[in-house]
Structure formats: structure tokens, C-alpha cells
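K.L.:
Given these sequences and hints, build the entire structure.
First to last, the sequence lines map onto chains A and B. Under the working numbering, the first sequence has 573 at position 306, and the numbering climbs by one with no breaks. Under the working numbering, the second sequence has 215 at position 111, and the numbering climbs by one with no breaks.
Everything labelled a hint here was simulated from the structure, so no lab data went into it. No experiment lies behind these values; they were computed from the predicted model shown. In this text, a Cβ means the ideal position worked out from N, Cα and C, and glycines have one as well. Treat each hint with caution, since some may be false.
Simulated crosslink set (DSSO-like; lysine-lysine; CA at most 30 Å straight-line) [unchecked claim]:
| # | chain 1 | residue 1 | chain 2 | residue 2 |
| --- | --- | --- | --- | --- |
| 1 | B | K577 | B | K469 |
| 2 | A | K552 | B | K111 |
| 3 | B | K469 | A | K423 |
| 4 | A | K468 | A | K496 |
| 5 | B | K534 | A | K304 |
| 6 | A | K569 | B | K469 |
| 7 | B | K552 | B | K534 |
Listed next, with one range per pair, are the computed distances between beta-carbon atoms [as the list claims (entries may be wrong)]:
| # | chain 1 | residue 1 | chain 2 | residue 2 | range |
| --- | --- | --- | --- | --- | --- |
| 8 | B | E132 | A | Q661 | 33 to 39 Å |
| 9 | B | L260 | A | D686 | 44 to 50 Å |
| 10 | A | L682 | B | D420 | 17 to 23 Å |
| 11 | A | K666 | B | V113 | 49 to 55 Å |
| 12 | A | Q325 | B | I580 | 44 to 50 Å |
| 13 | A | R418 | B | D190 | 42 to 48 Å |
| 14 | A | P457 | B | V113 | 47 to 53 Å |
| 15 | A | E293 | B | E207 | 25 to 31 Å |
| 16 | A | Q681 | B | D415 | 14 to 20 Å |
| 17 | B | E578 | A | Q681 | 47 to 53 Å |
| 18 | A | R699 | B | I580 | 46 to 52 Å |
| 19 | A | R464 | B | D270 | 51 to 57 Å |
| 20 | B | E129 | A | A662 | 29 to 35 Å |
| 21 | B | D408 | A | A581 | 39 to 45 Å |
A short list of chain A residues far from chain B (calculated; beta carbon distances all over 10 Å) [unchecked claim]:
| # | residue |
| --- | --- |
| 22 | Q551 |
| 23 | Q621 |
| 24 | G640 |
| 25 | D687 |
| 26 | Q704 |
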Amino acid sequence: MMHEFIPATDADRQAMLDAIGAASIEELFVGIPDEIKARFESLDLPALTELETRQQLQALASENANPDQYVSFMGGGLYDHDVPSAVGHMLMRQEFLTCYTPYQAELSQGTLTWMFEFQSMVCELTGMEVANSSMYDGASALAEALLMAERVTKKKRFAIAKSINPAHRQVLNTFQWAREYEFIEIPFDPQTGQLDRAAVKQAAQESLAGLIVQSPNFTGVIEELSGLKDMIGDAFLVVSANPMSLGLLAPPGQFGADIVVCEGQALGHAPNFGGPMLGMFATQKQYIRQMPGRLAGQTVDKEGKTGYVMTLQAREQHIRRAKATSNICTNQALLALGTTIYLSLIGKHGLRQQGELNAQKAHYLSRELNAAGIETKFNGPFLNEFVIQVSDPQATKEKLVSKGFLVLGADTLQLCGIDDGLLLTVTEKRTRAELDQLVSALKEA
Amino acid sequence: MSTIFEKSVPGRIGYRLPEADVPTEPIESLIPDALLRKEAPNLPESSQIEVVRHYTKLSKMNYGVEDGFYPLGSCTMKYNPKINEDMARLAGFADAHAWQGEELSQGSLHLMYDLGEMLRQTAGMDAITLQPAAGSQGEMVGMMLIRKALEKRGELGKRTKIILPDSAHGTNPASAMICGFEVMETKSNKNGKVDLEAFRANVDDTVAGFMLTNPNTLGLFEEDILEITQIIHDAGGYCYMDGANLNAILGHARPGDMGFDIVHYNLHKTFSTPHGGGGPGSGPVSVVAELAPYLPVPVAVKHDDGTYGLDFDRPDSIGKMQAFHGSFGMLIRAYTYIRMLGSDGLKSVSDHAVLHANYIKERLKDTFNLPYDETCMHEVVFSGRGAVEGAHMTDIAKRLLDYGIHPSSIYFPLIVPEAMMIEPTETVSKEELDEFIDALKAIVKEGKQDVNVLLEAPHTTPVRRLDDVKAAKELILRA
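P.N.:
Written out as C-alpha cells, the structure is:
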């Protein structure tokens with residue numbers, strides 16, 4: 268039987284078998300021992316047509332919450348921002364979508380050029396000197412930051428803010444175990460929600476490889492990064508930032524960060540149930556040879572024409588094998604391209620407007636909630652996420668869901684040690700009417 | 105080609121935001137001035153059409169699977185069905201938040217569970233995680249599983265060695281090293297397979313595990329695999345299979361039946377999710393029952409009442425590898441692909457991948473040196489040594505660009521001098537195969553007449569050969 272993905276006809280098969288001198292395709296599998304073949308059990312799955320497959324997938328997608336029936340106030344590292352149509356359309360161009368890693372530079376100038384642009388934009392946003400062309404997600408980028416700090420400082424002790432995204436913390440915990448790291452947890456101030464600086468000072472006496480901070484942190488509070496680098500000396504200041512905020516907020520590079528990582532999903536990508544995501548990674552030039560990940564560099568061709576190549580590959584696994592700076596092979600190219608296009612569209616001043624619009628809406632919601640007697644848990648500055656104080660967060664959450672509002676479960680904040688709060692996230696997509704409805708719903712809850 | 109930065113004109117915009125529909129306050133009254141950015145980041149200023157044209161232009165300087173034959177060995181550059189893209193963008197999937205709760209995520213979880221079962225059974229294993237973001241992260245998970253198992257056995261300090269063949273992918277030793285293991289290479293024999301004698305001598309009671317790609321990176325099935333995995337098991341170690349070459353054995357053989365304890369899949373190779381210029385990938389990992397408790401959290405499960413969920417309650421788990429549940433968008437594409445092929449179709453994939461590779465091997469073995477002359481699986485490795493006096497494999501590859509064909513992988517595996525690794529996949533037609541074969545023959549012929557045609561190649565691409573040394577010396581890494 269023919270299949271639309273496989274062009275060979277009976278005549279083609281026969282012609283190829285004749286050229287090979289084999290009687291059947293089965294004969295070509297002679298290398299597999301009979302004992303192994305005899306154990307084979309088939310999956311026993313029918314082949315569906317495209318029509319049947321589409322119907323099946325549509326049915327599955329409809330088993331999820333219908334996005335038209337809910338208003339989302341969920342964030343916590345995965346955001347519901349507007350994505351300009353041009354982003355998706357450009358990513359569908361097969362020359363971007365289906366090509367491989369740009370090993371053949373002459374036929375990959377499209378990819379190599381946007382990688383160079385992406386690196387430039389990450390540097391601009393973070394205020395850092397060099398950036399790679401992406402990593403798997405914000406959490407694994409953070410883990411790579413720890414590995415890099417260990418390589419440079421030759422130390423294994425890290426001070427980690429308790430207020431970083433708990434899902435990122437869980438990934439770091441995996442590496443803590445595998446690399447035998449010691450973690451010192453830095454609490455947050457119960458009033459402001461900001462890092463407890465006295466605890467940082469104390470931890471700094473312990474000979475650290477690095478201090479890991481997130482800003483805005485998981486509770487939405489913007490950290491005071493100024494002065495932290497001085498407190499920790501030679502240890503690495505690693506900042507995990509929400510890149511959407513970096514048009515409005517001062518870049519971490521300005522405060523002496525040694526590594527800045529971001530989860531880039533907020534810049535041009537749908538939530539996609541949490542993946543694929545986009546890790547961004549930037550550092551200072553002096554550490555470039557210790558940096559993980561792919562890098563595009565500018566050069567010229569033999570006729571003097573400007574072009575781009577992958578460079579400093581001697582750091583990478585396919586050259587250095589066991590001595591590589593990281594085991595990662597590819598990156599999140601297509602998402603990095605989407606973010607490059609998103610940032611080109613929103614432009615130099617648009618990202619700040621985006622930050623301001625998000626902040627205005629979130630602060631309006633917080634004022635309205637306060638006026639309705641619902642307290643915000645922290646008084647530190649925030650951008651578009653904040654925690655409200657509720658006595659039974661899980662019950663409140665469920666009531667909100669029954670009224671058509673989606674908010675994060677209480678369990679995520681509990682991982683940061685907050686068991687009387689709900690995290691609310693407001694993006695530019697939320698209208699004033701929706702914000703007002705949420706206030707009413709919370710008043711009744 | 106100029107960058108988008110060079111095309112920037114102050115004042116232009118490519119996207120507008122709505123006016124605030126809420127009462128606003130001065131931004132400095134909401135966020136302290138010291139925390140605000142003083143100077144706008146230097147992002148481009150372009151109108152929408154300029155941005156679209158710029159990236160359309162860039163795309164035309166690339167070569168995709170839809171442009172033509174893409175026989176890049178070890179990467180499985182097969183056709184990426186269009187329906188995959190549409191299914192991944194269904195609003196119910198694309199707009200779902202990872203933390204919206206099991207009740208509101210039944211479709212995603214159902215798909216994850218079913219895909220997991222299909223992949224698990226395809227490899228003949230007992231349990232699976234879909235979380236790893238790519239093959240290399242799958243390898244890291246595999247190494248961590250071994251580490252955890254040894255820890256449970258109280259042998260972590262004693263078993264420190266991961267053995268792998270000299271033909272292994274570079275990610276293998278790098279992944280083992282990050283997880284704290286020492287790496288020992290074992291040599292290949294004259295047939296390009298694991299040398300059993302040397303291998304046996306390398307195995308002792310310090311072995312933690314063994315990593316192997318099977319069929320191996322030469323496209324040859326390791327015929328001694330049952331003995332190899334037995335030797336490792338007898339010594340108390342674990343066997344890891346790099347699943348990069350699964351496209352060769354679907355419907356014919358399962359890693360679980362070969363004695364492997366851990367297998368990773370590359371959904372972007374075998375199961376048709378697009379490569380995207382180098383990601384996103386997806387690298388699920390399946391394991392035997394003994395290692396199942398250690399898989400990363402959460403694991404997609406089916407409850408007794410027929411609903412689906414995420415199991416976080418796994419006290420012996422190595423932990424999380426990704427913030428959320430892996431490359432879900434890629435899982436949708438792979439699921440779509442498997443449903444359209446069914447089990448017979450999957451077998452047909454490998455049938456034709458292997459048929460095509462052997463056809464190329466037969467038709468080119470008089471043109472290039474074939475270091476291992478036996479029936480191959482889904483890819484064939486030639487040596488370019490001596491094909492054209494005065495030219496290297498890279499020159500032949502660059503000349504292929506002028507014929508409008510993407511070159512094969514070159515200089516890998518490392519054990520073949522001047523290697524050229526050709527993987528045609530099942531989705532190529534016989535006419536395209538013949539064109540490719542004729543092109544390579546023509547290149548060798550013209551190279552023998554005038555080697556400079558090869559040394560100067562490519563002649564027709566957007567740029568000519570680029571100066572790698574200058575790039576590494578000057579390190580211009582941003583606009």
C-alpha cells in the first residue's frame with residue numbers, strides 16, 4: 268500500500284533491489300540478529316488518514332479548557348502575551364522551519380544572520396557584553412549558569428534566593444544532586460518580598476561560587492540589584508530576568524551581573540502547555556570561553572563580502588567531547604528566531620510601552636482589589652504580577668475557576684513558603700472589564 | 105547581507121499596543137526611579153513590511169527540506185508533514201498554561217500519555233519520560249538515572265566509568281562528564297563495530313554504564329549487541345542506547361530486546377518534528393522497570409477512572425529537568441505523525457530508509473572508498489580519501505552546494521578519515537536519489553579534470569567560503 272510520506276512505488280523498489288542485488292527489503296536487515304527479530308512485537312496501531320488524524324487531534328484539543336471560555340490571570344514564568352501575526356507566519360517559512368543547524372555556512376546565512384541579531388538583542392536587553400544564540404529554557408539556562416560559575420570559580424557553593432521560580436529551583440535541585448553542590452537559601456523580607464540582604468552578606472562569608480537572584484522574583488516583586496555584586500566579591504552574580512520587563516526596568520548588567528538568563532517565551536510565543544520554551548544566556552566578554560551554547564560570529568567570505576559563521580566551536584561537544592563547556596548540541600533556534608522577529612516588530616520604544624501598559628493594568632487591579640478590602644501580600648515594587656493575601660488560596664482558586672477565571676494553584680507559591688497567597692498576572696490582553704470582573708469575583712470568593 | 109539593525113530608521117514601528125483602558129499613574133509613582141531603565145535598548149525601528157521582507161530575504165539564504173534532497177547523516181532530515189504544524193497550533197493546545205490544572209488539561213495529558221505509550225512500546229521498554237528538551241538532555245537524564253541507581257545500590261563512589269565507542273556522538277562523553285562520570289573510549293574493530301576483545305578488557309567492577317548508538321554512527325548494526333549488553337550487565341553496569349538512529353529499525357527491532365536499560369528518542373529525527381535551524385528538539389527517555397522510579401517528575405499517567413494526570417509523587421526521582429513538561433508542541437507533532445503512519449507505516453519508514461541507503465552505497469562504491477563494505481542500515485559512510493587528488497571531503501561537499509543539494513555530514517564519525525555520512529531517509533524519491541548520485545559522480549569527474557573547481561566551490565551560493573579564523577580571532581558577536 269502507498270503512503271503519502273513515502274514516494275517509492277513497486278517499480279522503484281524493484282529497480283533499487285536489483286541494483287543492490289537483493290531479493291527483498293527484508294534481506295537488507297541481515298545485520299540484526301534473528302534472536303532480536305524474533306522478540307519483536309508490533310505496536311499494532313492502524314494508520315489514519317490526514318482527515319481522521321485531524322479529527323482525532325481536534326477532539327483531543329477540545330478536552331483542554333476552551334480558551335474562549337476562560338480569562339487567564341496565570342503567569343509565573345509562562346505568559347499569555349499578544350503575539351503579532353507576522354511572527355508566526357515568518358516561522359512557518361520552511362527555510363527556517365525545516366533546516367538543520369547551520370554547519371554549512373554558505374547555505375545557512377539566513378539562520379546565522381538572525382542568530383547574530385538575536386545575540387545582539389539579548390545583549391541590549393540584559394545590558395551584558397556577549398550572549399549565546401539560545402538554550403533549552405529559562406530553567407536549564409539557569410542550571411548552565413551554575414555549571415559555568417563552578418567552572419570559573421572552582422567552587423560548588425551557591426546562595427539562592429528563595430523567591431526564584433520554584434520550577435526553576437526544582438531544576439537546580441536536580442543539578443545540585445548530580446554535581447554535589449551546596450545551596451544556601453536566601454529568604455525574602457516578609458514585608459517587601461525583596462531579597463534579605465543581611466542574609467546575602469552572611470552567606471557571602473562562606474566562599475561562594477555564585478548568588479542566584481530572580482527579578483522580578485516569583486512573587487512579582489522587583490529586586491534591588493544595586494550593591495549585590497559588591498557584597499559577594501568574586502562570586503558570580505547570576506540574575507534571572509523576565510525579558511518582557513527589560514524595556515522598562517534597568518538591565519541587570521548595569522548592576523554588575525556576571526551572568527543574566529531569561530525565559531524568552533514571553534517575547535513572541537504562545538504558552539504551548541509549557542514547551543517548547545526559550546532560554547536566553549548572556550555574560551561578560553572575559554568569560555566567553557567558558558560560556559555554553561552556540562555562537563554566531565561575523566566574518567567575510569573569500570571575496571570580502573560580510574557573512575556569518577558559528578564560532579568558538581572549540582568549546583562545544585562535537586569538538587571537545589568530554590571536555591566541552593556543555594553537553595548541549597542544538598539550541599531553541601526557531602523560538603530564538605521568533606523572539607528576534609518579535610523584538611524587531613515591537614522595536615526600540617515598543618518594549619518599554621509594553622512594560623508600562625502591563626504595569627498600569629496590574630497596578631489598577633491591585634488598587635481596585637485593595638479598595639475592595641483584598642490585601643496585596645508584599646509592598647515591594649512590582650510590574651505585572653503580585654500576590655494577594657487569601658486565607659484559603661486553593662478554595663479561592665477553585666471558586667475563581669468556576670466563574671471562568673484561571674489563576675495559578677496555591678501549590679506553586681507554597682514551594683516558596685507562602686501558604687496564604689495567590690499569584691495574579693496581568694498582561695496587555697486583559698481588559699478593564701475583565702479586571703473589574705475579577706475584583707467582583709474575588710470579593711464574593 | 106545587512107542585519108535588521110542596519111535597516112533601522114528612527115521613528116518607525118512594526119507593531120502597536122492599545123492605549124491603556126484603565127486610569128493610569130505616572131510610571132515613576134508605580135516603580136522607583138532607580139529601578140527604571142534610563143536608556144532604551146538599541147532594538148531596531150522598522151515598519152512591519154520591512155521586518156517581513158528582511159526575514160523573507162534571510163529565509164531565502166537558507167536551504168530547507170522542501171528545497172530538495174538533504175542527506176545529512178545522523179540528522180534524519182525527512183519531510184516534516186504540514187499537518188503537524190496545524191495540529192500544534194490548535195488553540196486548545198497552544199493557549200494552554202502548563203499549570204492550569206489536570207481537569208482543564210485532559211487533552212494535553214491524554215496526548216502525552218498515549219504518545220508515551222506508543223514510544224515506550226516502539227522501543228520495547230517499561231516506562232518513559234517525555235520531559236527532556238532534546239537528545240542531549242535525554243542523555244543527561246540517562247546518565248543521572250544511572251547515577252541515582254548506583255546511589256541506591258551504595259556503589260556511587262565505586263562505579264565511576266562510562267564506556268563508549270570511539271565512533272560515538274560528541275554529546276555522549278559530554279553528557280557523562282557533566283553527571284560526574286569518567287569517560288573511557290573503547291575501540292572499533294576492522295568492521296566498524298565494537299571490538300569485543302578490547303571491550304571485554306575495559307569492563308571491570310568500576311563500570312557504571314555503557315553508551316552506544318545502534319545501528320552505530322557508521323550505519324551498521326552491532327551484531328554482537330546481545331553479548332555486549334550481557335557483559336555490561338554481568339559486570340553490574342547499565343546499558344544506554346542513543347536513539348539517534350532509530351529510523352533504521354522501526355518495525356524490525358526494539359532496543360529493549362537488545363538488552364538496553366535506557367533509550368532516548370529524537371522526535372526531531374525519527375518522528376518528523378522540524379529541526380528549526382537547530383531546535384526545538386525533543387528527547388524522551390524510556391527505561392526498564394528497575395530504573396522507572398528514578399525518572400524525572402512529573403510523569404504523565406492514566407488514573408483508574410480513565411482520566412489523565414501528572415504524577416509528582418515520586419520520591420526517588422532524579423527531579424525536574426525542565427521548568428514545565430517538556431517540548432509539548434513537539435509532542436503533538438510526533439503524535440500526529442505516528443497516528444498517520446500506524447505500525448505498518450513505521451515499518452515502511454525503516455524499510456525505505458534502509459533500501460535507499462543501500463542503493464546509494466551500491467551506486468557510489470566505485471566512486472568513493474567504502475571503508476566498511478557490508479549491507480548497511482539507514483545511512484552509509486564513505487571515505488573521500490583519494491577520490492580527487494588534491495581535494496578534501498569538504499571541497500566535494502562545498503561543490504554539492506552548487507548542484508543545489510545539501511551536502512551530507514562530513515568528518516564524522518571521527519574514525520573514518522575524510523568521512524562522508526549519507527542518510528537519505530524514506531521520504532526521498534528514486535529520481536532524487538539518482539540525481540544526487542549523478543551529481544557526486546560528476547563532481548569527482550570535474551575535480552579530476554580541474555581540482556580548482558572544487559577548491560573554489562561554492563560558486564553559486566549567497567556567500568562564498570567564509571573565513572572561520574577571522575571570525576574566531578576578531579569575535580564580532582553582536583551588531
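K.L.:
Against each hint, give a clear statement of whether it holds in the structure.
P.N.:
Verification of the supplied hints:
1. A C-alpha spacing of about 40 Å is found between B:K577 and B:K469, which places the hinted pair above 30 Å, so the restraint is violated.
2. With a CA separation close to 26 Å, the supplied pair A:K552 and B:K111 stays within the 30 Å bound.
3. Distance restraint check for B:K469 and A:K423: the Cα-Cα separation of roughly 53 Å exceeds the 30 Å cut-off, and the hinted pair is therefore not satisfied.
4. A threshold of 30 Å between alpha carbons decides the hint, and for A:K468 with A:K496 the separation of about 11 Å falls inside it, so the pair holds.
5. For the hint linking B:K534 to A:K304, the alpha-carbon distance of about 28 Å falls within 30 Å, and the restraint holds.
6. Restraint check for A:K569 and B:K469: not satisfied, since their Cα atoms lie roughly 33 Å apart, outside the 30 Å limit.
7. Restraint check for B:K552 and B:K534: satisfied, since their Cα atoms lie roughly 27 Å apart, inside the 30 Å limit.
8. The hint said 33 to 39 Å for the Cβ distance between B:E132 and A:Q661, and at roughly 37 Å that hint holds.
9. The supplied range of 44 to 50 Å is broken by B:L260 and A:D686, whose beta-carbon atoms lie about 35 Å from each other.
10. The supplied range of 17 to 23 Å is met by A:L682 and B:D420, whose beta-carbon atoms lie about 20 Å from each other.
11. In this structure the supplied range 49 to 55 Å holds for A:K666 paired with B:V113, their Cβ-Cβ distance being about 51 Å.
12. Distance hint check: the CB atoms of A:Q325 and B:I580 are about 48 Å apart, consistent with the given range 44 to 50 Å.
13. At roughly 43 Å, the beta-carbon separation of A:R418 and B:D190 lies within the given 42 to 48 Å, and the hint holds.
14. Evaluation of the 47 to 53 Å hint for A:P457 and B:V113 yields a pass: the beta carbon distance comes to about 50 Å.
15. Between A:E293 and B:E207 the Cβ separation comes to about 48 Å, which falls outside the hinted range of 25 to 31 Å.
16. For A:Q681 paired with B:D415, a C-beta distance near 18 Å keeps the hint of 14 to 20 Å intact.
17. A beta carbon spacing of about 51 Å between B:E578 and A:Q681 agrees with the range 47 to 53 Å that was offered as a hint.
18. In this structure the supplied range 46 to 52 Å holds for A:R699 paired with B:I580, their Cβ-Cβ distance being about 47 Å.
19. A hinted range of 51 to 57 Å holds for the C-beta pair A:R464 and B:D270, which are about 52 Å apart.
20. Separation of B:E129 from A:A662 is about 33 Å and conforms to the stated range, judged on CB atoms against 29 to 35 Å.
21. For the pair B:D408 and A:A581, the supplied restraint of 39 to 45 Å is violated, since their beta-carbon distance comes to about 54 Å.
22. The Cβ of A:Q551 lies farther than 10 Å from every Cβ of chain B, with a closest approach of about 12 Å, so its non-interface assignment holds.
23. Residue-level check failed: A:Q621 sits 6 Å from the nearest beta carbon of chain B, not beyond 10 Å.
24. For A:G640, the condition that its CB be more than 10 Å from all CB atoms of chain B holds, with the nearest at approximately 20 Å.
25. Distance check on A:D687: its Cβ is at least 19 Å (rounded) from any Cβ of chain B, clearing the 10 Å threshold; non-interface status holds.
26. Listed as outside the interface, A:Q704 is consistent with that label: its C-beta sits roughly 13 Å from the nearest C-beta of chain B, beyond the 10 Å cut-off.
The structure fails to meet hints 1, 3, 6, 9, 15, 21, 23 from the earlier list, while all remaining hints are met.
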